[in-house]
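Peer 1: Use these hints to put chains Z and S onto chain P, whose structure you have.
Each protein sequence line maps, in turn, to chains P, Z and S.
If you're matching positions, the first sequence starts at 1 in my numbering and goes up one per residue.
If you're matching positions, the second sequence starts at 1001 in my numbering and goes up one per residue.
If you're matching positions, the third sequence starts at 2001 in my numbering and goes up one per residue.
Hints listed in this document are in silico derivations from the structure and should not be mistaken for laboratory results.
Be aware that a few hints might be false.
[Said to hold, decoys possible] Calculated pairs, SDA-like style, for lysine to any residue (alpha carbon to alpha carbon, straight line, at most 20 Å):
id, chain 1, residue 1, chain 2, residue 2
1, P, 127, S, 2066
2, P, 146, S, 2068
3, Z, 1043, Z, 1069
4, P, 143, S, 2365
5, S, 2366, P, 142
6, S, 2213, Z, 1049
7, P, 143, S, 2074
8, S, 2192, S, 2213
9, S, 2366, P, 127
10, S, 2071, P, 149
11, Z, 1047, S, 2362
12, P, 60, P, 143
13, S, 2228, P, 46
14, P, 143, S, 2067
15, S, 2213, Z, 1301
16, S, 2202, Z, 1051
17, S, 2317, S, 2329
18, P, 60, S, 2171
19, P, 143, S, 2075
20, Z, 1047, S, 2157
21, Z, 1267, Z, 1199
22, Z, 1047, S, 2199
23, S, 2213, Z, 1310
24, P, 17, S, 2342
25, S, 2309, S, 2109
26, S, 2256, P, 21
27, P, 60, S, 2342
28, S, 2228, P, 103
29, P, 17, P, 36
30, S, 2228, S, 2381
31, S, 2228, P, 74
32, P, 143, S, 2363
33, P, 60, S, 2269
34, Z, 1317, Z, 1165
35, S, 2071, P, 137
36, P, 127, S, 2064
37, P, 143, S, 2171
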Amino acid sequence: MAILDKVKEALEPLGAKVEEVRPGYITASISVENLKKAAQLLFNLGFDHVVSVEGVDWIKDNEIEVAYHAASYEPELHGVIVKLSTRVPRDKPELETLIDVWPSALYPERETWEMLGVVFKGHPELKRLLLPPDYQGPPPLRKDYKVPEEGFIVDLTRKQ
Amino acid sequence: MTTGTIGRIVDFVLSPHIFAPLIYPGLLAATLVLLTLIWAERKMTAKVQLRYGPLYVLKPLGGAIQLIADAIKFMFQEPIMPRNADKWVFALAPVAMMAFTIIPFAFIPAAPGFVGVDVEYSLPLVLSLSALIPPLILATSWAANNKFTLLGGVREAFMMVAYEVSLFIAAFAVASYYGTLSLSKIVEAQSVPGIILNPIAAGVFFVTMLMTASKLPYDIVEGEQEIVAGPFTEYSGILYMLVMGASYMELYVLSLVFVELFLGGWKPVIPALASIHPAFEGISLFIKAYLVLLFAVFLRSVYARYRLDQALEIGWKKLFPLALLSVIWSLALLLVAGGA
Amino acid sequence: MTSQGSSEPRASPYFWYRLMGRDEEGYDVYELFIGPQHPASGHMRIIVRLDGDIIVDAEPDIGYVHRTMEKLAEGREYIKNIPLFERATIIDAANITWGYVRAVEQLLGLEAPPRAEYLRTLLAEINRIASHLYGFGIAGIMLNHSTMFMWAFGDREVWVQLAEDLTGARLTHSYIIPGGVRRNLPQDFREKALKAIRYMEKRLQDYERIFVKNPVIIARYVDVGVIKADEAKRLGIVGPNLRAAGVRYDARIAEKYGAYPELEFEIPVREEGDAMARLLVRIEEIRQSMSIIKQILDKIPDGPIFHEKYYRMLPPKLKEFVESTGRLKLPGAFIRLKPEPGEAVARVEMGHGEVFYHIVSDGSIKPYRVRVITPAFRNVVLYRYLTRGARFMDLPAIYGSIDYFPPEGDR
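Just chain P, same shape as in the assembly (with noise of 0.2 Å):
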């Protein structure tokens, strides 16, 4: 396919490894420090907005892999999605902030700090969005983050 190649052509040189699993989506993982070169090669491709920027916390490898699915509203590109993957520790997990080149990514990054904990650098806003202002504990979309059951009976009395 065209833009299999296209996208192993840009990508591959900054060491990426480029498959498609499925038809119509790529998947491209790259280390952080070429992420935002990457991404840049993606957007020359046309891929001009990224759909979601989301972590998924692999805890057995005490990684975090944070994805962004670019697609495009250009039609040759219809029906494409590449998702542009790395992975942090879990323990530090930071990255550059890609909104200079998908301004799109700006509520799904901020997301992405409030339910995974990673910091992007460069973020101008990396505040609460969908919990609580006040919410205190570790972010929740963790795989060890345990949610708290209320029993039958709540006792107000008790001090959290």
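Peer 2: Here is chains Z and S on its own, set in the frame of chain P:
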């Protein structure tokens, strides 16, 4: 003439000085208008919008006494006073507002010679009294000490200067044609309804009337979608009833003036009726005013709300020149007709 | 709403002056907290900073109806997540679950039979119309046009009942399941649908007379909240808001799913990018959806409505029941769907725009990670972009015109 104590009381009550301000067209009739008009408004809107509207309070009459139920509810509701409000102004401004909508009834003639206080300058007097309400709205908005009420007050201040000028000029355009500022004399002199003689003035007066009472499409001051209820956001209970009632009362006062200026006042559509019983004249005025009111509130189911700057533009750039034009029109008519 | 400003008692006459302090950019800023308890905020808060009547900044503060769907989805079997995601956009339940089902089907290597794909498309279009009508109603009441509000919500009932005829539920259909659909087409559905279409066509003309061509609406909507094509692309806008800005993008043609490749329809596009264009695009989409429904009713093929692989598992008695009533019973093994390890993505065009699912499977009966990006979440940035420099009274107009649905944005 009836004699005895009862007779004297009846005479006293029926004398214009009491009857006009308190019973008709004053307080009692105004309350009736308030209770039925809001019901009629809701019923009409419901008809347009394919629903029932008020229904369950007195079902055989289609929920006609819904507003009485609402009024009772408001009476017994706790009027909440915000902690940071300026309490005296907050409580007294609605009362004063209501008072200023009722005082004009003393000067509005209901039938030939039937007026509480007959003054030569009843037209400017009535209009000036209703022009006292916007400052009171400003006072409420300031006293409530809330961001939304303050914005509502600012909107009222903007709107006030935009409509009051045109309202007065349109009214004086008619007065200048008849050469008098007395409402009774204007009605007496009206052989042809004013709306045919000076349709521009009638149009301007009607639109500014809507702006004054903040009815759609000019309900900007109470813009629910932006500022909750504008200056009245913090009101509840009986105080809320007063501020809401005041805008309908104001509309009623102005529609009485509208009828007297443009629709022949108390002169019945069928002149023969007047000769049967003089009461028909009063009834005729009331019916005309009520129809004007119904039309004014019906606009709610047709129009959306204009933006503040658009309404100001309409006020200053369209209504104001039109109002001036209506004066010229009146003067031209005077020249052509050779004076009234 | 005074909570931020007046939590301290009024100490001095300079109270208002302090509220109206200048911000760092030098504006005389008056800060307003609109929502979550406000007649026109919905389940969200918009923090508006005003300079006079001009909006300097409107910051959407969402999350008031966040239901932790992505976390909940990790703890449930694949099939149980369908009723969960349905509740993100309850007014458009068919479309939002279809995206999830498509992703699961890719993981399982399933494909629904053609008749099932047609039935899914049918329900999706009914939902799209209902969703747009909901949007109209909100757009109307945001301008205090209560007639439009009542009409649209009343007419939405027609389509909700049509969906009920098809699926058995008014809103939470759970109709689209991996491998097929839950119910066959009822006998008298065709007549009912055609009647609904005839009614709606008449009503659309009424809408035009009272709302679209109303001088007040024209004054409020034309040239308000303008976004142009390049900006819309940059911000990743989706749905009618994108198409009103002149970008011809629709997941139905981009992804070629369901029965859409076999149907003829147009993607309405307008160049203006203002609130009026967004309104007109939605009206045209309702027309297109009705045309699609007509085509489906003509073209729908016969055949099974559920994938053979799972249908075979049913005991003979249940098979008989399914054949005679057209109502599907699920085999017991269906609850323990176990896809291969791997990942899949799916995009589906909802009424509000494109919904995106990314499912990561680790080979167990529960998904390892489900990522859902709803159209409302992607459009939330529009509050900031469109309101800057607008008049304060334009805020509800813009809110209504972008058809934002807070529970969908919060998930």
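Peer 1: Confirm or reject each hint.
Peer 2: Do the hints match the structure? See the list:
no. : hint             : result
1   : P:127 to S:2066  : holds, 16 Å
2   : P:146 to S:2068  : holds, 13 Å
3   : Z:1043 to Z:1069 : holds, 16 Å
4   : P:143 to S:2365  : holds, 16 Å
5   : S:2366 to P:142  : holds, 16 Å
6   : S:2213 to Z:1049 : holds, 18 Å
7   : P:143 to S:2074  : holds, 9 Å
8   : S:2192 to S:2213 : violated, 30 Å
9   : S:2366 to P:127  : violated, 31 Å
10  : S:2071 to P:149  : holds, 14 Å
11  : Z:1047 to S:2362 : violated, 59 Å
12  : P:60 to P:143    : holds, 10 Å
13  : S:2228 to P:46   : holds, 18 Å
14  : P:143 to S:2067  : holds, 18 Å
15  : S:2213 to Z:1301 : holds, 15 Å
16  : S:2202 to Z:1051 : holds, 19 Å
17  : S:2317 to S:2329 : holds, 11 Å
18  : P:60 to S:2171   : violated, 40 Å
19  : P:143 to S:2075  : holds, 11 Å
20  : Z:1047 to S:2157 : holds, 18 Å
21  : Z:1267 to Z:1199 : holds, 19 Å
22  : Z:1047 to S:2199 : holds, 19 Å
23  : S:2213 to Z:1310 : holds, 17 Å
24  : P:17 to S:2342   : holds, 16 Å
25  : S:2309 to S:2109 : holds, 11 Å
26  : S:2256 to P:21   : holds, 18 Å
27  : P:60 to S:2342   : holds, 16 Å
28  : S:2228 to P:103  : holds, 15 Å
29  : P:17 to P:36     : holds, 16 Å
30  : S:2228 to S:2381 : holds, 14 Å
31  : S:2228 to P:74   : holds, 16 Å
32  : P:143 to S:2363  : holds, 16 Å
33  : P:60 to S:2269   : violated, 48 Å
34  : Z:1317 to Z:1165 : holds, 12 Å
35  : S:2071 to P:137  : holds, 15 Å
36  : P:127 to S:2064  : holds, 15 Å
37  : P:143 to S:2171  : violated, 33 Å
In summary, the numbered hints that this structure violates are 8, 9, 11, 18, 33, 37.
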